[in-house]
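Just so you know, the protein sequences line up as chains A and B, in that order.
If you're matching positions, the first sequence starts at 4 in the working numbering and goes up one per residue.
If you're matching positions, the second sequence starts at 943 in the working numbering and goes up one per residue.
Since the hints were derived computationally from the structure, they do not count as laboratory data.
Among the clues, some could well be false.
What the hints assert, rightly or not - With beta-carbon atoms standing in for the labels, derived distance ranges:
| # | chain 1 | residue 1 | chain 2 | residue 2 | range |
| --- | --- | --- | --- | --- | --- |
| 1 | A | 149 | B | 1001 | 27 to 37 Å |
| 2 | A | 123 | B | 1050 | 41 to 51 Å |
| 3 | B | 972 | A | 109 | 46 to 56 Å |
| 4 | A | 72 | B | 1136 | 19 to 29 Å |
No experiment lies behind these values; they were computed from the predicted model shown.
No residue lacks a Cβ here, since even glycine has one placed at the ideal position from N, Cα and C.
As a plain string of letters, each chain reads:
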Amino acid sequence: MPVARDEAIVLRTNKLGEADRIVTMLTHRRGKTRAVAKGVRRTASRYGARLEPFMHIDVQTFQGRTLDTVTQVETIDALARPICDDYDLYTAGTTMLETASRIVAAEDEPAVQQYWLLLGGLKTLAGKAHTPRAVLDSYLLRSLAIAGYAPTFTECARCGAPGPHQAFSAPWGGAVCPQCRPPGAAAPSIEVMLLLAALLTGDWATVDQAIVRDQREASGLVAAFSQYHLERSLRSLPMVE
Amino acid sequence: MSTKPTTIKDVYEGAVQDLIDELGRLPGVGPKSAQRIAFHILDADPADVQRLATALVEAKARVRFCDVCGNVAQAETCQICADPRRIDTVICVVEESKDVVAIERTREFRGKYHVLGGAINPIDGIGPSDLRIRELMARLQDGVVQEVILATDPNVEGEATAAYLARMLTAIEVKITRLASGLPVGGDLEFADEVTLGRAFEGRTLIGS
């Protein structure tokens, strides 16, 4: 069928020619897809504002030989506005979009769980109910878990010995017991390990009560875990404050 | 025998192909356009081609960036910064030199400019330190400037850059304003998207008494 209609989250845009853009979207049914949006950089464009990153849209595309072309767009939730008005939300949100684009590598392959996770994450971020960094850390851990890199913060990642343990190894997949601990493993406190587990499971009561020092240490471990399993570093992550 | 599709690259060689390749590297110019421009140049009068070549070399050699605002210039300071009739107390912050031209066309603004050299775009690895934000802060230190107009593009990157600048500038005693967003003049209200229309409502102004 040449015309496809789907819900989508805009991941990024690239300039094309004089006034067009290539829009990369994570769609509900088709996974990651790219489409040309013609004339959207002109100020008179009727749907240029709807095809900005972070926008949750209902989009209709015409399937071409190489790239699809956007023919209609309706806004479902204009998440770009609250996120872009706050620089901390913007940097955290951009890292979430970059992560989604990296994890869902193949185009036109359904990634429904990743779609719902990203949508939920961006809505939580825009709602400002929790700190941007905590929302980002929780998103990173959960998106990696869906992709098959689920970390463990209680049992030992290598031998399964019950925890909590006070050693963390990104290559081995999280907490490690004293017997399995490899050289160079981090040594976080029990509180940090419990915070990491809360971020993974979405226990926001525990996350919001954590002290700043533990939050920073947990963020560092999440960043190390993410960068290791994504294989290439996230360009936007160092800009998150 | 299998037949392989013939591309532009397969047909030409030597200087013609080099010219097509170089033209094809320009923004917005594809292989077909590059071929058309190349043959236009080959058909043109040698004096016209020499003038084009001289203009390209001269522009690259002589054009530089203004030490004060970052706009394109042919001297240490651009014409706008060197103009004594310009108001020193207002600075309009834009992303690119092209934006200066767009605002100058309005003939509404008589202050000076500051060109950032882009917008914050973390996915492309462009952070605040890659823009001329430090130079902007240095320009505001002497207390002469009373208003900073943030005229970054009304897109995600531009809005985020404006939010970052607003946060940085709150530490300095200066009035911070942002260009209004809203309906394009000459358009129909029914065709406006809800984001733009929402902005227009937020930025509505009082008329009459």
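Original post:
Does 41 to 51 Å hold as the CB distance between residue 123 (chain A) and residue 1050 (chain B), or does it fail?
Top reply: holds (44 Å)
Original post:
Would you say the C-beta atoms of residue 972 (chain B) and residue 109 (chain A) sit inside 46 to 56 Å of each other?
Top reply: violated (27 Å)
**OP:** Go ahead and decide if the range 19 to 29 Å is satisfied by the Cβ distance of residue 72 (chain A) to residue 1136 (chain B).
**Re:** The hinted range 19 to 29 Å holds for residue 72 (chain A) and residue 1136 (chain B), with Cβ atoms some 22 Å apart.
**OP:** Could you tell me whether the CB distance from residue 149 (chain A) to residue 1001 (chain B) stays inside 27 to 37 Å?
**Re:** Check failed, 52 Å falls outside 27 to 37 Å.
Violated hints, listed in ascending order, are 1 and 3; each of the other numbered hints is respected by the structure.
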